[in-house]
Amino acid sequence: MNMIQLSLINVRKFIHYNPRTLIVNNISFDHADIFDDLKAIQRQFHHMIRTIPASGLVLSSASEQSAKETLALGCWSQQQFLGKDNEWFAERITNDASHFAVFHHGEKVAEVKWNVVGQHNMHNALMAIAAAHHTGIAIEDACKALGSFVNAKRRLEVKGEVNSITVYDDFAHHPEAILATLTALRDKVGWWSSYSCSA
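For the sequence shown, the positions run 82 to 280 when our numbering is used.
Note that these hints are calculated values from the structure, not bench results.
One should not assume that every hint holds.
[As the list claims (entries may be wrong)] Mimicking SDA-like on lysine to any residue, the simulated pairs with C-alpha atoms at most 25 Å apart in a straight line are:
| no. | residue 1 | residue 2 |
| --- | --- | --- |
| 1 | Lys194 | His180 |
| 2 | Lys165 | Ala191 |
| 3 | Lys165 | Ser147 |
| 4 | Lys120 | Asp166 |
| 5 | Lys165 | Ser142 |
| 6 | Lys189 | Gln125 |
| 7 | Lys94 | Ala209 |
| 8 | Lys189 | Ile218 |
| 9 | Lys225 | Asn244 |
| 10 | Lys165 | Glu150 |
| 11 | Lys194 | Gly241 |
| 12 | Lys194 | Ala182 |
| 13 | Lys165 | Ala213 |
| 14 | Lys194 | Phe184 |
| 15 | Lys149 | His185 |
| 16 | Lys189 | Leu154 |
| 17 | Lys225 | Ala191 |
| 18 | Lys165 | Lys94 |
| 19 | Lys194 | Ser229 |
| 20 | Lys189 | Trp157 |
| 21 | Lys194 | Asp166 |
| 22 | Lys225 | Trp157 |
| 23 | Lys149 | Ala135 |
| 24 | Lys149 | Leu138 |
| 25 | Lys194 | His215 |
| 26 | Lys149 | Thr175 |
| 27 | Lys94 | Asn107 |
| 28 | Lys225 | Val248 |
| 29 | Lys94 | Leu154 |
| 30 | Lys194 | Ala209 |
| 31 | Lys94 | Gln160 |
| 32 | Lys165 | Lys225 |
| 33 | Lys165 | Gln200 |
| 34 | Lys94 | Gln159 |
Please model the entire structure based on the sequences and the hints provided.
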């Protein structure tokens, strides 16, 4: 989380943004050098949520408890949730989620085929599709665009393959992110032996 110094007060940069569409993916305790606990982080997210206008949209996961608690602190914008029986839902077609179906209000509206794996990435893609839809981009166009998406460096990045052994580089360091990465790889290749190397 970025900060700027104003006099003696730390102000989170994101309260100076003016978004109309906001994705609150998950909120978990991190940056212990800055925040005392999860509640302190939730307070900062609450300030950001309150900057969204009434005509705006806040997207979040129906299963993300800390985000729901944060939204309950006050939100005057429209809210949409992702998950089964909610406005948006994604369902894997392939086990590794490199091909998935997109549902909007219970109806299948499109499919995504891309070079990214993992349920967590499918969830992120669904958030992006929903946000794009709110800004006026057709769902089908957003899904098609994801087909040419190139993931960020060090995010399940394939470094090479030798003798049927694929080497991935991933920057995940938070326990939840590490679990998501390992789950994505297991969904792709099954149970395997993982080795960690650091330079």
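Now for the hints, and whether the structure bears them out:
1. Lys194 - His180: 4 Å, holds
2. Lys165 - Ala191: 16 Å, holds
3. Lys165 - Ser147: 19 Å, holds
4. Lys120 - Asp166: Violated, at roughly 29 Å.
5. Lys165 - Ser142: Satisfied, since the Cα-Cα distance of roughly 10 Å is no more than 25 Å.
6. Lys189 - Gln125: Between Lys189 and Gln125 the Cα gap is close to 36 Å, so the pair fails against 25 Å, i.e. violated.
7. Lys94 - Ala209: 22 Å, holds
8. Lys189 - Ile218: With Cα atoms ~17 Å apart, Lys189 and Ile218 stay inside 25 Å; holds.
9. Lys225 - Asn244: 33 Å, violated
10. Lys165 - Glu150: 20 Å, holds
11. Lys194 - Gly241: Between Lys194 and Gly241 the Cα gap is close to 22 Å, so the pair holds against 25 Å.
12. Lys194 - Ala182: 9 Å, holds
13. Lys165 - Ala213: Roughly 20 Å between the alpha carbons, so the hint for Lys165 and Ala213 holds.
14. Lys194 - Phe184: Roughly 15 Å between the alpha carbons, so the hint for Lys194 and Phe184 holds.
15. Lys149 - His185: 21 Å, holds
16. Lys189 - Leu154: This hinted pair is violated, its Cα atoms lying about 33 Å apart.
17. Lys225 - Ala191: 9 Å, holds
18. Lys165 - Lys94: Status violated; Cα separation ~33 Å.
19. Lys194 - Ser229: 9 Å, holds
20. Lys189 - Trp157: 29 Å, violated
21. Lys194 - Asp166: Given pair Lys194, Asp166 holds - Cα atoms ~23 Å apart, limit 25 Å.
22. Lys225 - Trp157: 32 Å, violated
23. Lys149 - Ala135: Within the cut-off at roughly 18 Å; holds.
24. Lys149 - Leu138: Satisfied, since the Cα-Cα distance of roughly 15 Å is no more than 25 Å.
25. Lys194 - His215: 22 Å, holds
26. Lys149 - Thr175: 30 Å, violated
27. Lys94 - Asn107: With Cα atoms ~18 Å apart, Lys94 and Asn107 stay inside 25 Å; holds.
28. Lys225 - Val248: 28 Å, violated
29. Lys94 - Leu154: The given pair, whose Cα atoms are some 20 Å apart, holds under the 25 Å limit.
30. Lys194 - Ala209: 15 Å, holds
31. Lys94 - Gln160: 23 Å, holds
32. Lys165 - Lys225: Between Lys165 and Lys225 the Cα gap is close to 23 Å, so the pair holds against 25 Å.
33. Lys165 - Gln200: 14 Å, holds
34. Lys94 - Gln159: This hinted pair holds, its Cα atoms lying about 23 Å apart.
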